[in-house]
Amino acid sequence: MLLDTKDSIMEKLEILSDAAKYDVACTSSGCERAGDGSHMGNCLVSGVCHSFSADGRCISLLKILMTNHCIFDCRYCQNRVSNDVRRAVFSPEEICTLTMEFYRRNYIEGLFLSSGIIKSPSVTMELLYETVRRLRVVHGFRGYIHLKAIPGADPLLVGKAGYFADRMSVNLELPTAEGLRTLAPHKTRKTILAPMRQIQLRHNQSREELMVYRHAKEFVPAGQSTQMIIGATQETDYQILSVAENLYQKFDLKRVFYSAFVNVNEKDRLLPVTPEGPPLWREHRLYQADWLLRYYHFRAKELLDEEHPHFNRYLDPKCSWAVGHLEQFPVEMNRADYHMLLRVPGIGVKSALRIVKARRFGSVSFEDLKKMGVVLKRALYFITCNGKMLYPTRLDENYIVRNLLDNERKGPQFSGEASYRQLSLFS
Amino acid sequence: MYALMCEDSINGVFSGIYEAWAGKYNRDEVVLRTGAVCNFELFMEYRQIQEDAEAAQKVANTLRRRFGEETYERICYALWSDGEDKADAVYRMVRYGIEHNCGAGFRNHLTNEAVRRVFELWRAAFNEAHHYLGFLRFSELKNGVLCANISARHQVLEPLAMHFADRLPKENWLICEKNRGLAAVHPAGMDWFLTKEEQISTLSGEKRSTSDEEFASMWRCFCNSVSIEARENLELQKKNFPLRFRQEVL
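So the sequence lines, in the order shown, correspond to chains A and B. With this note's numbering applied, the first sequence covers 41 to 467. With this note's numbering applied, the second sequence covers 233 to 482.
Isolated chain B, as found in the complex (with noise of 0.2 Å):
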């Protein structure tokens, strides 16, 4: 057995699956891991994947052409999650639709293990993602710069930012990932991107302007008044609003 070890990102990966079909291996014989190793198998053989944005082109092209765009960002939301088996699990999925010539709705064979694998990975990471489009909270700094955190368990980075891309063209904004130490950067009228955190911590460092605490406090003001008291009830909010998105929350 082989395990072919991948870079945690949706290229690695591809990387990974371009690597397992070139025809080198026995491909029932190859396993796919993303993130370090922490319990060696006996029998396994470990091959590190470097990341080659040619071949994964490739994948993404073959994929997109095959299954169509909706299966094809199912696959990637699944790479953005956090689990483990993702890798494998993807690779399985897309081996089972090349190999039984699926077409687009192959999506939806929930009885099988490796789609429905990636059906949940898909749903998890897509549920945190859209949680984080309404929870996420820009704080306007003294730079006019537009500042969000968010400490997500999956990687919804590049979902966001281009969200908020469509929504705030002409803004200059930045998100801060504390779990992976990402930003996503928006200038304004202009494309975004993904940096390291620490590169972009002379912008994020400044201090909030005045007028945003004002409409903070207000803000504030407005979620307590628009609350009915007779109808109060904690427990609903905690499970619509679950505690470990209101840290960065106001």
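Isolated chain A (complex conformation) (with noise of 0.2 Å):
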């Protein structure tokens, strides 16, 4: 395979980051290490974004690839070994001297490392490894890394490149093993699980020895995370959401991304096509309702069953849920605990963890709900604050389901104590 050494650092950094751009993950978030007053760089729990690009996605990483050599050929990649594209190969001191340099003038938080498989995966894991490890130990780098880990890789390389990020992921790529089958033939299920088995139970292993002793090396302290292509097969939206629920509870992972699927090969047969755009809503709507599987204690069969596979388009998954489920409202905001608290469309955590802390002091009024940022005109049909609605209301499917969404449409629009409503006649 011939490599592309002399093109400029300029052309290498275009071509390796329009290949990289389809890799969802651009968090910097996970793991709080403060400077060590002599090196470069700390990382903040939260994470910090740096920039926006044009399509509304965070900036916080250099997201780039080693290379876009290939020897696979998955369908949907615009990078496989079928395509005739510009090929290009960053050398592990190059990447170094660019996060440098770009992390000193606050560009970024970190660099975020994946690559195309060169000549097979192991090689391709240990340049992957040689990076990281001269960025740690030879520029003394102490801000974020994000390192792909690559399925089929020696398991030894993955282990060793462990101590050197911060967060690991392995790219499930499609929900189902047979979607992987036909998209997909040089990868299996066998080999993505096993590296994000082994992520797994060495960041567990870790952190027991951290337990023990203050100073051992920390594997993975960030987690490692993993990202499917949505609508490029034909699963549910259940099925997916499953497959997160299963990941989080049996992988322990950090964060399921999902990727509306972009035609970058038209030509391909086995490709469904796209003419109205990757499916954006339906990825907003997975991602939606994998922050309720995380932090509002939401089970994946919950919001969704085998009769009702997929969500609803015009409602967000919580206010469906709620509106199937009226019997468990309205919810009094003085005395209902805090995982009821998080059920309310409208309450998010920090409105709930606000409310539950405030009320220690004295009852919370409808104002006093405002103010700490519950959105109340979501809210306002599934609560009452001391026994009273804000307005008169009925808790009637119908009837919110009809107001939530002229909500979004024009603003709330209240009728007071006449309402009107379709009369069945004959029925």
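Hint data in this document are derived by calculation from the structure and do not stem from the laboratory. Every value quoted in this text rests on a predicted model; they were computed, and no experiment measured them. One should not assume that every hint holds.
Label-pair distances were calculated between CB atoms; the ranges are [stated by the list, open to error]: (1) Ala-256/A to Met-422/B: 29 to 39 Å; (2) Leu-393/A to Gly-267/B: 33 to 43 Å; (3) Gln-280/B to Asn-447/A: 46 to 56 Å; (4) Glu-438/B to Tyr-253/A: 40 to 50 Å.
Heads up, incomplete: computed chain A residues facing chain B, CB under 8 Å, no partners named [claimed, not checked]: (5) Asp-58; (6) Phe-92; (7) Ser-93; (8) Ile-99; (9) Val-404; (10) Lys-411.
Virtual Cβ for every residue (Gly too), placed ideally from N, Cα, C.
Can you join these two chains into the complex? Each is in its own frame, and there are hints to help.
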């Protein structure tokens, strides 16, 4: 394979950042590390966004591929071996220089390093390992590093690399094994899940070691993540969400990212045609549901089931759940427990915590709720303060749905006492 | 009624709180103000309070001891905000906390008007400071110094300087705050300090180094190529990255 070493660093950056743009993860959160007084860099647990690209996504890490040469032929990927695209390779030193100089100017929070498969998975993983090792040891970089683990690479290399990275990820690519077989013939479920399990076990072990020895080295302190392509194969939202839930429970993943399928190889017969553009609203609903799983104590089967395997396009998952379970509402703000508060549409984790803490000092009113950040235009159908609702509303599914949808379009409208409903004759 | 006119700094307001608490006034009849008076009120007696480092230190120690570090930090951020009523809100919150013998948790008592106002001010200043952690850009000057310009609504220079002193300990850097004419200066390997912007104009007036322009154009190239055309959404970009932050960003 011919390596284009003569390209300028600028051209390489253009090619290899363009090649990396379909990797979703750009988070720099989950790891707190103070500076050491002599080397460059620290990490904040909240993460920091440094810019936002024209698609509205955050740029917080220098997201690049080591190379876009690839021996694999995944049908959805623009870097597949059968595509004729410009190829380039970064040397480890070039990546280190770029990272250090960008970081110094506060352009970025750290490095996101992935790669196409050059020669073999192990050779690629070794190159990635060498880059992060050099960045940490030679350049003394203490900022954030997100490293891809290459499926099928020698576990020894993955194990070594994890001590230099803050987060590692292995892409699940497609939610089901059949999808993987058709669209990514060189990858299998087994080669993807094996490094995932390895990272999980080593991460847990390292946390135990840290409890005993304060100076034990941390393995992937910010945990691991993965990503799935949405809409390239025929899975339902329920299947996708169940896969995500399984990953959170069985593999202790920090994040599952969803990537709306963008067809970059339009001539491929096996890929769906997307004349309306990528399924962005579907991706959005999946992220909303994902948050409900991780922070709001929901289960996948509460949100969707076999009979209703898809999300409602017009109502967000939490509202859909709430209007389907009106027997649990209205919720009294001064008495309901934290878990029930979390289930009310319009109340998020922060405002639920604020409510719980504030009512230790006295009862809360609607005015207080508004100031605390509760979105009353959604919450008002589901809550009472000291036994009273904000407006005279009905606990009726059609009525609430109609008002919630009207809200989205033109703001709240209340008809007071009198209201009108469609009368069904002869029923 | 007495209006104690404090200087617009943490020490200034803390000196005012010390004065209000010192027994010279009926505590119900005191309000604290910062900045210049633009509309004089009838039946209000205006008293100028000089900044007194020792008195401010005593107030700070008391707040830390009684309410803990987190509440103290919240009060500091509130005083860094641009709220006109910030001094009085902090005074009323502190008064409430001390008179009701509250512990650290009383910063969560959001149904109390003063506590809530301090919470709102804290949130505004903290959020802007957090935005600037990412949106601030250093450019390297010919003398090797890293220089950044910001024009912030709130006084965010202190939290920014603390962050970057931890992050870039071995670099010479300075952050100029255009709206207030202040600058934070960090000589390599030493502590940072605040100064007037005009005093460092010889340092910050240098031209950018040639390598800096190369890296800046590489960064622009990266930002363009990392965006997915099929998902372009300028509205979302504007929402996440408000235009007012973009003036000093590449």
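Here is how each hint holds up against the structure:
no.	hint	verdict
1	Ala-256/A to Met-422/B: 29 to 39 Å	holds, 33 Å
2	Leu-393/A to Gly-267/B: 33 to 43 Å	holds, 34 Å
3	Gln-280/B to Asn-447/A: 46 to 56 Å	holds, 51 Å
4	Glu-438/B to Tyr-253/A: 40 to 50 Å	holds, 48 Å
5	Asp-58	holds, 4 Å
6	Phe-92	holds, 4 Å
7	Ser-93	holds, 4 Å
8	Ile-99	holds, 6 Å
9	Val-404	holds, 6 Å
10	Lys-411	holds, 6 Å
Against the hints set out earlier in the document, no violation occurs for any number.
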